[in-house]
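Keeping their order, the protein sequence lines are chains A and B. Per the working numbering, the very first residue in the first sequence carries number 1; after that it's consecutive. Per the working numbering, the very first residue in the second sequence carries number 186; after that it's consecutive.
In short, the hints are calculated from the structure, not lab data. Careful, some of the hints might be misleading.
[As the list claims (entries may be wrong)] Okay, derived cross-link-like pairs now, DSSO-like style, lysine-lysine, Cα gap no bigger than 27 Å in a straight line:
| hint | chain 1 | residue 1 | chain 2 | residue 2 |
| --- | --- | --- | --- | --- |
| 1 | A | LYS96 | B | LYS373 |
| 2 | A | LYS36 | A | LYS114 |
| 3 | A | LYS36 | A | LYS96 |
| 4 | A | LYS86 | B | LYS707 |
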Amino acid sequence: MGEPGTKDRLSLEELEASRGIYTGRKHVLSILVENKPGVLTRVSGLFARRGFNIDTLAVGPTDDPTLSRITMTLDGAQHPIDQVTKQLHKLVNVIKIRDLEPSEMVARELAMFKIHADGVNRAEVMQIVEIFRAKVVDVTKRSVIAEVTGGRDKIEAFERMVRPFGMVEMARTGEIAIARGRAET
Amino acid sequence: MRAVDAVMECLKAEGVDVVFGYPGGANLPTYDAFVDAGIQHILVRHEAGGGHAAEGYAKASGRVGVVFATSGPGATNIITPLADAMMDSTPMVAITGQVRTELIGTDGFQEADIFGMTMPVVKHSMVIRDPADIPRTIHEAFHIARTGRPGPVLVDMPVDLTRADIDYQPVADVHLPGYQPTTRGNRKQVRLAAKALANARRPVLYVGGGAVLADAGAEVTELATSDNLPVTCTLMGLGAFPAPHPQWLGMLGMHGTRTANYAIDEADLIVAIGARFDDRVTAKLSEFAPHAKFVHIDIDPAEISKNVPAHIPIVGDCKTIVPALAAEYRSLSPDSSRLNAWWERIRGWQEQYPLRYQDTEDTEIKPQRAIEALYEATGGNAIISSDVGQHQMWAAQFYHYPAPRRWINSGGLGTMGFGLPAAIGAQMANPGVLTCVVSGDGSIQMNAQEFATCAQYEIPIKVFILNNGYLGMVRQWQELFWDRRYSHVDMGQFPDFVKLAEAYGCTGMRFTDKTSLVDDIKRAIDTPGPVVVDVRVTREENTYPMIGPGAAARDMVG
Ligand SMILES: Cc1cc2nc3c(=O)[nH]c(=O)nc-3n(C[C@H](O)[C@H](O)[C@H](O)COP(=O)(O)OP(=O)(O)OC[C@H]3O[C@@H](n4cnc5c(N)ncnc54)[C@H](O)[C@@H]3O)c2cc1C
Ligand SMILES: Cc1ncc(C[n+]2csc(CCOP(=O)(O)OP(=O)(O)O)c2C)c(N)n1
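Only chain A is shown next, with the shape it has when bound in the complex (with noise of 0.2 Å):
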């Protein structure tokens, strides 16, 4: 292939399509929205109406109020990331979407356990907590309820740690996702 302009022919076989290509990772978009009726209704509609999976969600105010930010997790192996953004971008309150990168950003998670803990495993419990520098919020005489901040693979493997003394019950924030460094997420 010559340079543009040059008045060379192009061979067909050269050509590579463009696909909307599953990554096989996960994913995390952070879409910035206008803060207007329905929007989130519009988002996961779309997500509902193309049959794509949302793993997690998390929605919250910005630095300018009349935006708010989702925080989506994907599955790209199960779809193809392309087709999502570029749908999501045709939402007219759609204002910004970036696919953020693992490497190139810091996503956290909230996460509390309420954990069966009485007299015997309590001390193993809160060496636990300690460990994963998770904290008590909670405690009454059969049970705690532990507080933990971290990426997805540390709540999981929180989660894998109490679970053997008995799970009471387990809510999950979803993840938050900021992009590292001056770039703006």
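Let chain A serve as the given structure and place chain B with the ligands on it in line with the hints.
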């Protein structure tokens, strides 16, 4: 100024000359404003008719169609037209009344959450929260409906807010930070596409509704004729390339010509211009155009590589991209003779597989013949608005469209009942241009109430009902793929369409003899005012050729 008078000012500023609508409690204030507004309002007989009329107006003119409806049932009646407009990328603004603000959420009288219900079938929608926002919101609605990939926009106005007085200032421009459609194609990509085209030995231009929406018929024709490039159009693209024409292969897809489908099957390069690789076109996706590379020009980035991966994507308006591509292509001085072998192959198919049907020995009218006769009687110069079914396919196959916006139909949603009201809209947009409806005895009954609208407003459309007494398209599928077990497709001979037409104040006619058909059609056309013709056609006729369900294009039958 009353907020509702501001609504009228906004419509005028947007160049709206006619709206289609239906009043009710929740839009009484708005309807009061119509009295003095100086905007023509067509009172349809059903809000769905109003929505489809707005679509027909838009499709025939390229301008934004406007429909008004009241809250609750009025609003829910326009959901089908909204969905239809969404599928076919038709620019339309729907303005619905809503119950007063304090009643919202209380299951108030005639409350329906139309904003929530229509979200998946609109390009955008807005609810008025503050009367002062009304003018800006309406202008935003028109801007969004018309620009980028066009589509329907809904504005829901609680009735109490429309009663307010506002300080009206004309809105000069709209600011939508999240809405910036790309219109200029990437020059490098255009160059790449030109080079690929110049090297292709078996190219096909695959032209879709986007070329019509962009009013890019002349540009497409110029590209095609700047060399000897073969052209096919989708159902929605018909007219974007003038038919008949030596380079015209006919429509492609499920009921397209064998020539067009075989050409796609053997092509080495397909240039898609405003077409979205619909499943009616690709048939079995994994076997669609197996030898081809794809240049895909579309204003909507999400269409690129959605169904078929593009090798050279070009995002933008084909109105400007196609001429740029033609210029680049010519600058490469491609050797036309490289296409000779390709044309020989194409001519072979054209000779072997013209569109055909078995005509009758007696005087019975074959539906295909009825369309041919309509073509002859109108000299190909009419606007044809079609309903959905076999007659639609015959009108696509046997009428030839010399220009864009002459062929009005519901492609994506395939809405029976579209044809008549859409013709009303098309006629309003083109007074003086002969406007005909091609319908079936099933489809016409889905919005037959609009005959009254035609009569009242003296809208002189000519309606040709190809009456086979069946839901023909469904009957065909039951015949071919369900062992001829006919299940609820026989419509009998009800109603008497001549009497129905007369009851509505239209002229009714019935044609049963093929020998006088062209003259009879001319007589219908020459009759002033709206005319409804019951054209009795062969009861069990099938639409061919056809790509069967799950089959590949090369395995067309019939
Ligand atoms: C009974 C029945 C049978 C049918 N059989 C067939 C058949 O045999 N063959 C067939 O083709 N169809 C058939 N259809 C219609 C089919 O369902 C689709 O509606 C049609 O194929 C879509 O046409 P299109 O690809 O041109 O896209 P459209 O729906 O017309 O979409 C237009 C495309 O152009 C893009 N666009 C818009 N504006 C611009 C611009 N300014 N510049 C560039 N791009 C732009 C849009 O983003 C979109 O991708 C049938 C329908 C029915 C109801
Ligand atoms: C609103 C709606 N309901 C059902 C269908 C399914 N459908 C597609 S074609 C068809 C038959 C149309 O019959 P008619 O209008 O008489 O036309 P013909 O096929 O006989 O020419 C039906 C029922 C549809 N497209 N739209």
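Do the hints match the structure? See the list:
1. A/LYS96 with B/LYS373: Distance ~26 Å between A/LYS96 and B/LYS373 Cα, so the pair holds.
2. A/LYS36 with A/LYS114: 36 Å, violated
3. A/LYS36 with A/LYS96: Roughly 15 Å separates the two Cα atoms, so the pair holds.
4. A/LYS86 with B/LYS707: 50 Å, violated
Of the numbered hints stated above, those contradicted by the structure are hints 2, 4, listed in ascending order.
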